[in-house]
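*Asks:* If you want the building blocks of each chain, they are given just below.
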Amino acid sequence: MKGILLKELYLLKKHCGIPLFCLLLFLVMAGGTMGEQSFMVFFPFMYASIIPVTPLSYDEMHKWDEYARIFPYTPAKLVLSKYLVGGVLQIAVTLILLIISAVKMAMAGEVQVLKLVAMAGLGLLIGAAFGGFNLPFMFRFGVSKGRIAYYATLALSVGGCLVASAFFDVSFSPEIVRMLSVGMPVLWLIPLFLAPLLYVGSYYLSVALYKKRYR
Amino acid sequence: MNALELKKVTKKYKDFTLDALDLTLPKGCIMGLVGENGAGKSTTIKLILDLIALDEGEISVMGLDSRRDSTKIKELCGIVPDEIGFPQGMNALQVGKVMKHTYQNWDDGAYKEYLARFGLPEKKTFKEYSKGMKMKLGIAVALSHDAKLLILDEATSGLDPVVRDEVVGLFGEFTRDEERSVLISSHIVSDLEKICDYIAFIHDGKLLLCEEKDALLAKYGCWQGSRAQMEALPERAVCHFKETPYGVEAILLRDALSEDVAIAPLNMEELFLFKIKEAKK
Chain A
1 MKGILLKELY
11 LLKKHCGIPL
21 FCLLLFLVMA
31 GGTMGEQSFM
41 VFFPFMYASI
51 IPVTPLSYDE
61 MHKWDEYARI
71 FPYTPAKLVL
81 SKYLVGGVLQ
91 IAVTLILLII
101 SAVKMAMAGE
111 VQVLKLVAMA
121 GLGLLIGAAF
131 GGFNLPFMFR
141 FGVSKGRIAY
151 YATLALSVGG
161 CLVASAFFDV
171 SFSPEIVRML
181 SVGMPVLWLI
191 PLFLAPLLYV
201 GSYYLSVALY
211 KKRYR
Chain B
1 MNALELKKVT
11 KKYKDFTLDA
21 LDLTLPKGCI
31 MGLVGENGAG
41 KSTTIKLILD
51 LIALDEGEIS
61 VMGLDSRRDS
71 TKIKELCGIV
81 PDEIGFPQGM
91 NALQVGKVMK
101 HTYQNWDDGA
111 YKEYLARFGL
121 PEKKTFKEYS
131 KGMKMKLGIA
141 VALSHDAKLL
151 ILDEATSGLD
161 PVVRDEVVGL
171 FGEFTRDEER
181 SVLISSHIVS
191 DLEKICDYIA
201 FIHDGKLLLC
211 EEKDALLAKY
221 GCWQGSRAQM
231 EALPERAVCH
241 FKETPYGVEA
251 ILLRDALSED
261 VAIAPLNMEE
271 LFLFKIKEAK
281 K
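Protein chains in written order, with this note's numbering: chain A, 1 to 215; chain B, 1 to 281.
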């Protein structure tokens with residue numbers, strides 16, 4: 001496993017400078033607009049979850065995807081390396097946004113822990129859903145065909161968010177926060193548990209599809 | 001224990017079937033798998049490595065089952081396919097670091113020696129390597145983790161004759177240790193003729209022949225003469241012949257000839273062509 005991860009790091013360093021810079025840009029935008037527009041807060045999670053597609057496309061372009069199969073890597077490990085890249089990036093995004101949010105809240109005079117937990121949970125859930133939906137397509141059909149699913153989910157989720165924010169108040173208003181924290185505080189924790197479950201489920205699906213692709 | 005055993009190995013595609021292939025490669029030997037393009041050589045190698053699903057039959061590599069123990073088998077094998085696919089931005093040193101964490105028995109010293117021996121620059125990226133250099137890097141990796149079985153699929157085809165000769169010699173060196181074996185597929189019969197102990201001919205998914213090279217050399221011989229001279233030979237001695245502007249070239253069965261007939265050592269390529277023509281009849 002260490003060997004594949006090292007190869008992923010070399011690939012990220014060599015070819016993923018622009019995607020990682022874009023992620024940083026989205027993080028800055030999310031940090032700046034936090035509390036004003038919910039969609040921008042969650043976009044870095046979505047973006048981080050599909051960054052593994054870039055090394056995957058280079059693997060296919062360089063024919064590493066075929067060549068790697070002669071080495072003692074199991075299909076599960078080959079798939080896991082990409083999920084780990086996505087997972088680590090999503091956790092990094094969560095931590096950075098939590099720190100920015102906490103600092104902003106502290107400067108405003110009150111750190112709302114529940115709101116921070118909700119943001120982290122929902123962000124991770126959106127990222128896990130977005131990456132978790134797209135990656136199995138990429139592993140089954142390859143990146144060029146798999147991109148169709150990616151653009152479809154991107155259009156649906158961005159469009160959905162824009163439509164939702166036009167008609168509903170999707171920000172965490174103090175009333176909603178108070179209502180949920182008094183009535184059902186456990187609800188805030190659900191996305192935090194759901195996100196890893198979804199991501200792990202997607203991983204197993206990708207392994208099964210990856211095995212099918214080459215047999 | 002044999003290095004490799006294939007029993008009734010079958011793989012069916014819509015337009016091609018690898019048909020009940022039986023092969024045995026004893027330890028310490030080199031087997032050449034010869035066949036035209038599309039004959040089934042790569043399919044056979046992919047089945048051995050469990051890269052494609054086996055329809056029928058059994059394959060064991062160093063006593064391990066190809067399907068159940070495929071990861072262990074890949075640890076024991078040095079594999080060189082016809083195309084080497086390391087990420088283009090990586091250099092030979094980075095490849096070595098990745099492989100160090102890939103193979104349990106990785107030998108960094110041996111790898112660096114092969115890089116020097118093949119004249120491969122350590123810091124040039126894979127993208128900057130020529131086709132021959134890429135192949136040599138693949139061979140260096142395959143030879144640097146104490147593999148017991150080397151499997152080469154058309155690995156020498158893209159190399160120039162000088163490098164090919166050097167690489168082919170290396171495979172001979174590799175089997176000085178009697179625990180080590182080589183399976184090499186190629187359509188360049190002359191390469192295989194130099195180093196192989198066993199020769200297997202595949203045509204259209206079927207095994208035409210699998211014998212010790214020395215037995216083949218003892219059984220057949222090459223002959224040149226006129227048409228009239230050939231017709232004077234016992235009919236059953238002539239396996240195959242072709243007419244050229246200079247006369248007739250034939251493959252003869254040594255057993256069917258009297259001792260006074262001058263016969264040259266067998267040309268494996270001619271035998272291969274003869275077997276294919278025979279199969280097509």
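Rather than coming from a laboratory, the hints here were simulated on the basis of the structure.
Positions of the beta carbon are idealized from the N, C-alpha and C atoms, including for glycine.
Incorrect hints may appear among the rest.
[Unchecked claim] Which bits of chain B does chain A cover? Going by a derived footprint, with three or more residues having C-beta under 8 angstroms, they are:
hint, stretch
1, 65–75
2, 90–103
3, 159–169
[Said to hold, decoys possible] Only pairs whose alpha carbons sit at most 35 angstroms apart, straight line, appear in this in silico DSBU-like list of lysine-lysine:
hint, chain 1, residue 1, chain 2, residue 2
4, B, Lys131, A, Lys77
5, B, Lys100, A, Lys14
6, B, Lys219, A, Lys212
7, B, Lys134, A, Lys14
8, A, Lys211, B, Lys97
9, A, Lys212, B, Lys277
10, B, Lys7, A, Lys211
11, A, Lys145, B, Lys72
12, B, Lys97, A, Lys13
13, A, Lys77, B, Lys7
14, B, Lys72, B, Lys97
15, B, Lys194, B, Lys275
16, B, Lys100, B, Lys206
17, A, Lys2, B, Lys124
[Claimed, not checked] Incomplete in silico selection of chain B near chain A, CB under 10 angstroms:
hint, residue
18, Gly85
19, Thr125
20, Ala142
21, Asp146
22, Leu266
*Asks:* Holds or violated: Lys100 of chain B and Lys206 of chain B, Cα atoms, limit 35 angstroms.
*Replies:* Violated, at roughly 39 angstroms.
*Asks:* Has the given pair, Lys212 of chain A with Lys277 of chain B, been kept, meaning a C-alpha gap of at most 35 angstroms?
*Replies:* Cα-Cα ~38 angstroms, so violated.
*Asks:* Compare the distance between the alpha carbons of Lys131 of chain B and Lys77 of chain A with 35 angstroms, and conclude whether the hinted pair is satisfied.
*Replies:* holds, 29 angstroms
*Asks:* Verify the proposed pairing of Lys211 of chain A with Lys97 of chain B, using a straight-line Cα cut of 35 angstroms.
*Replies:* holds, 27 angstroms
*Asks:* Verify this for me: three or more residues of the stretch 90–103 of chain B with a beta carbon less than 8 angstroms from a beta carbon of chain A.
*Replies:* It holds: at least three residues are needed, and the stretch 90–103 of chain B offers 9 whose Cβ sits within less than 8 angstroms of chain A.
*Asks:* For the stretch 65–75 of chain B, count the residues whose Cβ lies under 8 angstroms from any Cβ of chain A; is that count three or more?
*Replies:* Since 4 is at least three, the answer is holds.
*Asks:* For Lys97 of chain B and Lys13 of chain A, compute the direct alpha-carbon distance and say whether it is at most 35 angstroms.
*Replies:* holds, 15 angstroms
*Asks:* Given the hint that Lys2 of chain A pairs with Lys124 of chain B, test it: the Cα-Cα distance must not exceed 35 angstroms.
*Replies:* Answer holds: Lys2 of chain A to Lys124 of chain B is near 23 angstroms, not above 35 angstroms.
*Asks:* Holds or violated: Lys77 of chain A with Lys7 of chain B, Cα cutoff 35 angstroms?
*Replies:* With a Cα-Cα distance of about 30 angstroms, the restraint between Lys77 of chain A and Lys7 of chain B holds, given a limit of 35 angstroms.
*Asks:* Should the interface hint for Ala142 of chain B be scored as holding, given a Cβ-Cβ cut-off of 10 angstroms against chain A?
*Replies:* Holds - the Cβ of Ala142 of chain B comes within 10 angstroms of chain A, reaching about 9 angstroms at its closest.
*Asks:* Just to be careful, I want the Cα atoms of Lys219 of chain B and Lys212 of chain A compared with a cutoff of 35 angstroms; is the pair within it?
*Replies:* violated, 47 angstroms
*Asks:* Any CB of chain A closer than 10 angstroms to the CB of Leu266 of chain B?
*Replies:* violated, 34 angstroms
Violated hints, in rising order: 3, 6, 9, 16, 21, 22; the structure is consistent with all others.
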